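Start from the sequences, fold in the hints, and give me the full structure.
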Amino acid sequence: MDVDSTKRRVVLAMDGSEYADYAFNWYVENFKMDGDFLTIVHSFEAKSIAHAALGSDVKALGNVLEEEAKESKALIQKLQKKLESVSGLNGEVKSIHGKPGEAVVHEAHAQGADVIICGTRGHGKLRRTFMGSVSDYIVHHSHVPVVVCRHKDHHHGKGH
Amino acid sequence: MKKILIAVDGSKESIFALKEYMEKIHNEDKYAVVIHCAHYSISNPEELSITRDDAQTIKDILQKDEQRMLALTEDLKRLLKENNIPGEVVRLEGKPESAIISKAEELDASLIVMGSRGLGTIRRTILGSVSEYVLHHSHIPVMVCKCESNNSTEKNESRDLII
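Residue numbers (the numbering used here), protein chains in the order written: chain P, 1 to 160; chain B, 1 to 163.
Watch out, some of these pointers could steer you wrong.
Below, computed lysine to aspartate or glutamate pairings styled on EDC-like, alpha-carbon distance capped at 16 Å [as the list claims (entries may be wrong)]:
no., chain 1, residue 1, chain 2, residue 2
1, B, Lys24, P, Asp36
2, B, Lys19, P, Asp36
3, P, Lys32, B, Asp29
By construction, these hints were calculated from the structure, which means they are not laboratory data. The structure displayed is predicted, hence computed values, not measured ones.
This is how it looks when you write it as structure tokens:
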């Protein structure tokens, strides 16, 4: 198998939480191949619209919007740094508007990705289940393979 | 070497998952452990009415099962060899979902690879009960592969191997 010709497009769903960090680290240590193009997808929803609907004053709305934009920018920079910290890793950070699961799947389909990697928060109703709603959505709606990474220490948490 | 566990049940979706692994995931630092869980045609002995003639029928059925599973093992070994994948094929006994998770933990595998049944009625992928269980309970990352088959209405009655 000619390694050079098998350039893979990997989409990694990251929301900035430590669980997403684990997925990134797992990718680097266990999955990464030379020639990979990694797209880190961060999704955001316009929560500010909901605030506006509450009829609060315009000034407050402006502050909320500004805060959100700041947070988003900081997160994107953090993700960018993460990408750059791995030598020889080719990729980009994409900030996409939409519900987390949908944005990731849409991006993966649009670019013809080879695989999606996502983490999980494990907020299942039963303590023993590890799937979060986002990873659940991605697994059930993606047409490309999905790797679900859970935090290794998950089972040392309160549930188990 | 990193150990990757690929769970196969003989269905074309699971073979597809194995092929995806071999083509897209495998590299020189990985060792593939392909497992398939023993599946017996007679799972509930109480359903059988035992007469003297049935003894032979049951023997025949069990023998057929054994032959099928041995053939699957050989086919999988051949597939690994043809693709130059270092690895092995193991047949596991017991409930598939628990056997898969136990084996992955025993191996300290980096990843579990599984197939799924395909698209369901509202374009939502149907995983199958084993894949769902493993996805929810495995401490080790799980990769779910979709078969690009358009035959989503096909009933997967037989467990014949399609390579």
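Agreement of Lys24 of chain B and Asp36 of chain P with the hint, judged by alpha carbon distance not exceeding 16 Å: Holds - the C-alpha atoms of Asp36 of chain P and Lys24 of chain B are around 11 Å apart, at most 16 Å.
Satisfaction of hint between Asp29 of chain B and Lys32 of chain P, Cα-Cα up to 16 Å: Holds, because 11 Å separates the two Cα atoms, which is no more than 16 Å.
Pair hint outcome, Lys19 of chain B versus Asp36 of chain P [Cα-Cα no greater than 16 Å]: violated (19 Å)
Hint check: a violation occurs at hint 2 only; the rest are consistent with the structure.
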